[in-house]
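Participant: The primary structure of each chain is shown beneath.
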Amino acid sequence: MATDAPPAAPSREYKLTELMAICAARELKDREIAFIGTGLPMLGGMLAKATHAPNCIMVFESGVVDARPKRTPLSIGDACLVPGSVMLGGLLEVFGLLMQPGHVDVGFIGAAQIDRFGNINTTCIGDYARPKVRLPGSGGGNDIGSLAKRTIIMMKQDAKKFVEKVDYLTTPGYIDGPGGRERAGLPRGGPSAVITDLGLYRFDPETKEMILDTTHPGVTVDEIRANVSWEIRVPPRVRTTKAPTKRELRILRTKLDPEGIFLGG
Amino acid sequence: MAEPEVHDKLLPLPEAVRKFVPDGCGLRTCGIGMRKPMAFTYEVIRQRKKDLNLLLSGWTEDADLFIGCGSVGRLEGSYLGLEAFGLAYGYRRAMEKGIPRSIQIEEYSNFSMTMRFLAGAMGLPFMPVKSMLGSDLMKVEAFRHPKATVLEDPFGSGERVALVPACTPDLSVLHAQRCDEDGNTQVWGQLGDDVWGTLAGRRILVIVEEIVPSKVIRKDPNRTVVPGFRVDGIVHAPFGAHPYQVQGYYDVDVAFRKEYAERSVTLESWQAWVDEWIYGLDGHEADLRKLGEGRLARLRAKREMSGQVNYGY
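Chain order of the listed sequences is A and B. First residue of the first sequence? That's 1 in this note's numbering, and the numbers climb one at a time after it. First residue of the second sequence? That's 1001 in this note's numbering, and the numbers climb one at a time after it.
Okay, chain A solo, but in the shape it has when bound:
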């Protein structure tokens, strides 16, 4: 994750990875069912539970429902997710019985590339047959993006990642715009927010196009534009992302990732 401070913010008192985890937490509402992967989304989920959303239920794809891990899990299959959870099954239970019929409110996914309609690539950079960089593939990403009521995308941002057209469409966003998901036969959902190391984005309910919502403290709109390869829609007055509170930072640093595994050392 990028921890280098851009020149406009010489004295930030937190890392951008911390701000991203905090933005993720703020997207969750109390009592929501959240489908969580490892890394920053998990820190976000745990932070939400420790602050404004104590009754949020975290579901993990290897089969755990309402995990309450006592340490930072390294994998979706981490055994530390098991003790204290309310139910254990496997992918069939979590994807098939909870997510496919529409019982999961929100899912988090990462991305290597994204386009204006929130379509995601986690498969390859360059030509599929002989890629420049071969990435891990869908994993559960396509399932989350297809089946959750809404998805939140977390990724690093630059113009090579915010692209006109993804090299491979691993996980559908709004596909080709309004009605795209319905035409494909998807039951519901679509991306509701994109959290990057530069800002926070949402989607126009009519055009399904990504719109800048807030810039992180110290980031300018020009920097945002320079790091998106299409003409990103920017509202007339752009607000700044609310900086982390002392309490949010304390919980993240002392309780959720004290070793800096996902936040960075």
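No lab work stands behind these hints, which were simulated from the structure alone. Note that this is a predicted model, so its numbers are computed, not measured. Where a beta carbon is used, it is the ideal one built from N, C-alpha and C, also for glycine. Just to be clear, a hint being listed does not mean it is correct.
Claimed, not checked - Reference excerpt, derived from the structure (chain B facing chain A, CB under 10 Å, subset only):
| id | residue |
| --- | --- |
| 1 | Leu1010 |
| 2 | Ile1032 |
| 3 | Gly1058 |
| 4 | Tyr1079 |
| 5 | Gly1081 |
| 6 | Leu1082 |
| 7 | Glu1083 |
| 8 | Lys1097 |
| 9 | Ile1099 |
| 10 | Val1140 |
| 11 | Val1150 |
| 12 | Asp1232 |
| 13 | His1236 |
| 14 | Tyr1244 |
| 15 | Ala1301 |
Put chain B on the given structure of chain A with help from the hints.
Facilitator: The following block gives chain B in isolation, referenced to the frame of chain A:
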């Protein structure tokens, strides 16, 4: 029908690999982020098996090693990476540069792979799923034609589903906590895809931390995931999933996984790792001796016992 010679199921690991893994085998292993049959993986590589067709959703170091060592012809799955530890460089070298050979991969989503194994386990030719629709996973094919197709509900709801073909491995390998000598096998903790994925196999090999008396299994039958009559071979390999976790037995060896991730970045240092930990050792016992008792003792699981339930009536 139950096989009569149950006592013949128990085999040493090298013999089990010779018996159950021919070149070209359609091989499903197990574990998504835990309970990976790594001792088995190393032994398959030592025996220099060729042209394997790997079948699993969540591949990590296991497939990275198989591919890097030239054992793989095809792979069907949905993820190949080292989770929190980064990208899989053996896989990258094969896909980006054809080193040591080109492989073909057919990609699905995790849940689509679940449904493919479930179809295989249930004796059905395919299963419907609501994932994959509208994505390149539906369109880009390697060697399955079609790899998936769309069906409109024949009962008139107007809903559309993706159909994905059954996956029936020649051999499913399950790393489990324990079984009895008939192969009645129990797993606890996260199950991943391992119940239906194992049962989809034409043959089943279980690798266990412990072999227990049958009465232990029969005291808690809800925990059994594979009945012994479906099991063709049993290998007893304590710590056989190292550096992965086995719930109730040992924890992840973070330093080991980190070291692999670092050393796999260049071909030379990856080759040195493989020589050190696979070709340079003559089997699982040698592997454990090299790890050392102190290291293994530190990984052993703490006690966190379940409650008990009354099975009485």
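Participant: If a hint holds in the structure, say so; if it doesn't, say that too.
Facilitator: Hint check:
Evaluation of the leucine 1010 of chain B hint against chain A yields a violated restraint, the C-beta minimum of about 27 Å exceeding 10 Å. Here the hint on isoleucine 1032 of chain B is kept, as its CB sits about 5 Å from the closest CB of chain A, short of 10 Å. Annotation: glycine 1058 of chain B was flagged as interfacial toward chain A, and the flag holds, the nearest CB pair being 7 Å apart, inside 10 Å. Because the smallest distance between the Cβ of tyrosine 1079 of chain B and any Cβ of chain A comes to about 4 Å, under 10 Å, the interface hint for this residue holds.
For glycine 1081 of chain B, the interface hint holds, since its Cβ comes within 10 Å of a Cβ in chain A; the closest pair sits about 3 Å apart. Because the beta carbon of leucine 1082 of chain B sits about 9 Å from the nearest beta carbon in chain A, less than 10 Å, this interface hint is met. Checking glutamate 1083 of chain B against chain A: minimum C-beta separation of about 5 Å stays under 10 Å; hint holds. Proximity of lysine 1097 of chain B to chain A holds as hinted, the smallest CB-CB distance being about 9 Å (cut-off 10 Å).
A cut of 10 Å between beta carbons decides the hint on isoleucine 1099 of chain B: the least distance to chain A is about 12 Å, and the hint is violated. The criterion of a C-beta within 10 Å of any C-beta in chain A is met by valine 1140 of chain B, whose closest approach is roughly 6 Å, and the hint holds. Taking 10 Å as the C-beta cut-off, the interface hint given for valine 1150 of chain B holds, the closest approach to chain A being about 7 Å. Because the smallest distance between the Cβ of aspartate 1232 of chain B and any Cβ of chain A comes to about 22 Å, over 10 Å, the interface hint for this residue is violated.
Nearest Cβ of chain A to the Cβ of histidine 1236 of chain B: about 21 Å, over the 10 Å cut. The hint is violated. Hint status for tyrosine 1244 of chain B: holds, given a least beta-carbon distance of 8 Å to chain A, under 10 Å. Using the Cβ-Cβ criterion of 10 Å, the hint placing alanine 1301 of chain B at the interface with chain A is satisfied: the shortest such distance is roughly 8 Å.
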